[in-house]
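K.L.:
Generate coordinates for the entire structure from the input sequences, incorporating the hints supplied.
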Amino acid sequence: MPFTRIILREGYSDAQLKQISDTLHHCLVEEFAVPVDDRFQVFETLPARQRVFDKRYKSGGRSDDFIQFHIFAGKPRTKAQKQNLFRLLSARLHSHLNIQPDDVMVMLQFNTADEWSFSHGRMLSEEAL
Amino acid sequence: MPFTRIILREGYSDAQLKQISDTLHHCLVEEFAVPVDDRFQVFETLPARQRVFDKRYKSGGRSDDFIQFHIFAGKPRTKAQKQNLFRLLSARLHSHLNIQPDDVMVMLQFNTADEWSFSHGRMLSEEAL
Amino acid sequence: MPFTRIILREGYSDAQLKQISDTLHHCLVEEFAVPVDDRFQVFETLPARQRVFDKRYKSGGRSDDFIQFHIFAGKPRTKAQKQNLFRLLSARLHSHLNIQPDDVMVMLQFNTADEWSFSHGRMLSEEAL
Numbered sequence: 001m002p003f004t005r006i007i008l009r010e011g012y013s014d015a016q017l018k019q020i021s022d023t024l025h026h027c028l029v030e031e032f033a034v035p036v037d038d039r040f041q042v043f044e045t046l047p048a049r050q051r052v053f054d055k056r057y058k059s060g061g062r063s064d065d066f067i068q069f070h071i072f073a074g075k076p077r078t079k080a081q082k083q084n085l086f087r088l089l090s091a092r093l094h095s096h097l098n099i100q101p102d103d104v105m106v107m108l109q110f111n112t113a114d115e116w117s118f119s120h121g122r123m124l125s126e127e128a129l
Numbered sequence: 001m002p003f004t005r006i007i008l009r010e011g012y013s014d015a016q017l018k019q020i021s022d023t024l025h026h027c028l029v030e031e032f033a034v035p036v037d038d039r040f041q042v043f044e045t046l047p048a049r050q051r052v053f054d055k056r057y058k059s060g061g062r063s064d065d066f067i068q069f070h071i072f073a074g075k076p077r078t079k080a081q082k083q084n085l086f087r088l089l090s091a092r093l094h095s096h097l098n099i100q101p102d103d104v105m106v107m108l109q110f111n112t113a114d115e116w117s118f119s120h121g122r123m124l125s126e127e128a129l
Numbered sequence: 001m002p003f004t005r006i007i008l009r010e011g012y013s014d015a016q017l018k019q020i021s022d023t024l025h026h027c028l029v030e031e032f033a034v035p036v037d038d039r040f041q042v043f044e045t046l047p048a049r050q051r052v053f054d055k056r057y058k059s060g061g062r063s064d065d066f067i068q069f070h071i072f073a074g075k076p077r078t079k080a081q082k083q084n085l086f087r088l089l090s091a092r093l094h095s096h097l098n099i100q101p102d103d104v105m106v107m108l109q110f111n112t113a114d115e116w117s118f119s120h121g122r123m124l125s126e127e128a129l
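Residue numbers (this note's numbering), protein chains in the order written: chain B, 1 to 129; chain E, 1 to 129; chain Y, 1 to 129.
These are computed hints drawn from the structure, not numbers from a lab.
Errors might be hidden in some of the hints.
Distance condition first, Cα-Cα at most 27 Å in a straight line; then the derived BS3-like pairs of lysine-lysine [to be verified]:
| no. | chain 1 | residue 1 | chain 2 | residue 2 |
| --- | --- | --- | --- | --- |
| 1 | B | Lys18 | E | Lys55 |
| 2 | E | Lys18 | E | Lys75 |
| 3 | B | Lys18 | B | Lys75 |
| 4 | E | Lys75 | B | Lys55 |
| 5 | B | Lys75 | E | Lys18 |
On the chain Y side, residues computed to face chain E include the following (Cβ under 7 Å) [claimed, not checked]:
| no. | residue |
| --- | --- |
| 6 | Ile6 |
| 7 | Arg9 |
| 8 | Arg49 |
| 9 | Met107 |
Rough simulated footprint, nothing fancy, chain Y against chain E, three-plus residues with beta-carbon under 8 Å [stated by the list, open to error]:
| no. | segment |
| --- | --- |
| 10 | 7-21 |
| 11 | 43-49 |
| 12 | 108-115 |
| 13 | 118-127 |
Built from N, CA and C at the ideal position, the CB exists for glycine as well.
P.N.:
What follows is the structure in structure tokens.
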């Protein structure tokens with residue numbers, strides 16, 4: 001049920017976007033217990049003039065590879081789950097794509113299963129799960 | 001007071017965007033009791049490489065016409081209101097624009113009237129309503 | 001900790017975007033007690049056909065300069081703080097950039113410090129502040 005906005009620089013290849021998509025999704029499956037076929041993402045690629053970020057705030061140093069994940073999810077997760085997601089995503093982006101941990105920012109936002117409809121006007125909380 | 005992000009493929013005509021805008025807005029007026037002149041929307045048209053979605057998760061089958069509505073609204077609605085909005089929007093998109101119900105995803109997010117200012121720095125909850 | 005989406009027309013110069021960025025940021029520092037180096041923003045510049053807004057709803061009259069600030073922040077603020085932010089932002093955009101108060105819309109959305117990671121997979125609520 002998560003929907004994620006991934007905000008990053010221009011210039012990534014289709015293969016790299018696919019790798020970023022896969023990396024995020026696998027982390028959500030592992031740490032947030034998201035079903036494996038529940039994948040919804042948007043890549044927002046922006047020129048430098050449209051992205052403003054501090055180079056140093058709570059980071060050892062951000063580069064042009066700075067990437068933000070704004071994740072909207074429909075049921076609450078524990079503090080431990082959130083912490084594990086943050087850690088795993090940062091580690092995997094580093095090992096799989098050589099994106100530096102200093103360049104990875106994540107924001108979560110939760111609502112409820114009443115607030116999602118995946119198709120046909122069906123409310124998620126009323127669907128057979 | 002709702003603000004809606006409408007995320008869809010490229011290639012729609014101005015007339016079609018207007019029809020989608022109207023369809024959503026009329027549903028919000030009818031089911032969420034939104035004032036008729038309270039319309040705020042953004043169309044986010046994206047190439048296929050920037051939209052990632054599962055073809056089958058809780059849908060009979062999504063096509064390239066897949067469309068997402070991310071609705072931010074400022075006061076709570078009942079479960080019945082949410083359900084009615086989902087159903088009506090799906091039905092109307094089908095009848096008015098031939099967008100398949102399998103292709104319609106909706107997400108809602110609520111905050112409060114203290115968290116909106118429409119102009120002049122006036123807080124919505126302090127305005128004469 | 002705020003992350004702000006700034007939605008506006010195309011055609012602003014880099015210098016003007018910088019001025020808008022500075023104006024918002026200084027308001028957040030002054031009214032929301034945001035650290036001075038905690039700046040994260042995205043400019044979403046859109047052609048007219050992708051922005052739908054009522055010209056008159058709770059405004060004396062919106063022009064093509066209509067600008068929306070969608071601010072995501074990680075800890076609660078009082079009603080007075082929100083009201084002060086709305087007022088200051090509207091006033092400063094007017095005096096610094098000649099953007100009319102009728103053209104300024106602001107939306108706030110709050111989550112918690114558990115829901116932010118600025119880098120290295122560290123949860124904000126676990127960081128030394």
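K.L.:
Would you mind marking each hint as holding or not holding in the structure?
P.N.:
We went through each hint and held it up to the structure:
1. Distance check on the hinted pair: lysine 18/B and lysine 55/E sit about 16 Å apart at the alpha-carbon level, within 27 Å; holds.
2. With a CA separation close to 26 Å, the supplied pair lysine 18/E and lysine 75/E stays within the 27 Å bound.
3. The suggested pairing of lysine 18/B with lysine 75/B holds, with an alpha-carbon distance near 26 Å, which does not exceed 27 Å.
4. Only pairs whose Cα atoms come within 27 Å are accepted, and lysine 75/E paired with lysine 55/B is rejected, the gap being roughly 37 Å.
5. Distance hint between lysine 75/B and lysine 18/E is unfulfilled; the C-alpha atoms sit about 33 Å from each other, more than 27 Å.
6. For the restraint placing isoleucine 6/Y at the interface with chain E, the shortest Cβ-Cβ distance is roughly 12 Å, beyond the 7 Å limit, so the hint is violated.
7. The criterion of a C-beta within 7 Å of any C-beta in chain E is not met by arginine 9/Y, whose closest approach is roughly 12 Å, and the hint is violated.
8. Here the hint on arginine 49/Y is kept, as its CB sits about 5 Å from the closest CB of chain E, short of 7 Å.
9. A distance limit of 7 Å between C-beta atoms decides the matter here; for methionine 107/Y the minimum to chain E is near 6 Å, and the interface restraint holds.
10. Under the rule that three or more residues need a Cβ within less than 8 Å of chain Y, the assignment of the segment 7-21 of chain E holds, with 3 such residues.
11. Only residues whose beta carbon comes within less than 8 Å of a beta carbon in chain Y count, and the segment 43-49 of chain E has 3; three or more means the coverage holds.
12. Only when three residues or more bring their CB closer than 8 Å to a CB of chain Y does the claim for the segment 108-115 of chain E stand; here the count is 4, and the claim holds.
13. Counting residues of the segment 118-127 of chain E whose CB lies closer than 8 Å to any CB of chain Y gives 10, which reaches the minimum of 3, so the coverage claim holds.
Violation of the numbered hints given earlier is confined to hints 4, 5, 6 and 7; the remaining hints are satisfied by the structure.
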